[in-house]
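Visitor: Dock chain B against chain A, hints included.
In order, the protein sequences belong to chains A and B.
Residues 140 to 222 (the working numbering) are what the first sequence spells out, left to right.
Residues 140 to 222 (the working numbering) are what the second sequence spells out, left to right.
All clues given are correct.
Treat identical chains as interchangeable: a pair holds within one or across any two.
Below, in silico cross-link-like pairs of lysine to aspartate or glutamate (DMTMM-like), each with a Cα-Cα straight-line distance of 20 Å or less: (1) Lys205 - Glu194; (2) Lys205 - Glu163; (3) Lys205 - Glu173; (4) Lys205 - Asp186; (5) Lys205 - Glu184.
None of these hints come from the bench; they were simulated from the model.
There are 2 protein chains.
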Amino acid sequence: MTFRVHVRVMPRAGLLDPQGQAVEHALTALGFAEAGAVRVGRAIELDVAAASPGEAEARARQMCDKLLANPVTEDYLLNVESD
Amino acid sequence: MTFRVHVRVMPRAGLLDPQGQAVEHALTALGFAEAGAVRVGRAIELDVAAASPGEAEARARQMCDKLLANPVTEDYLLNVESD
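One chain only, chain A, in its complex shape (with noise of 0.2 Å):
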């Protein structure tokens, strides 16, 4: 079977994102004041074959750890669709 698989990775919580303040910024100067604690990071969807929807988030958790994410700087939430 394939499960679709959505990765989100986000700049560590503490650390510094330039781009989330460079956005908030411009948010700011458009006219939306409303807007603060802007973060950005990286979304990420693949099918991942295997034989059940535990087993294919415990494959992407290893290509989160190996490729996807910064261990150091970055953290990242798994979702595995189930279709």
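Guide: Same frame as chain A, but now just chain B:
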């Protein structure tokens, strides 16, 4: 009230995604042959001060249309945390 809004900005379906292809090749080279159809986009999180979740979503949608997403090449998905 303040609502945490999660935005996922992805390359539109049917458009080439060179970054996704590069990640897919890298995953294959690392031994993750079960990965496929990789797409890479941006994950954005922000606080939006608003009177209701609906208002927060409407304002966040305007932010996406004006700054956060490229309407020609990207689709976005909004999710308002209600806490």
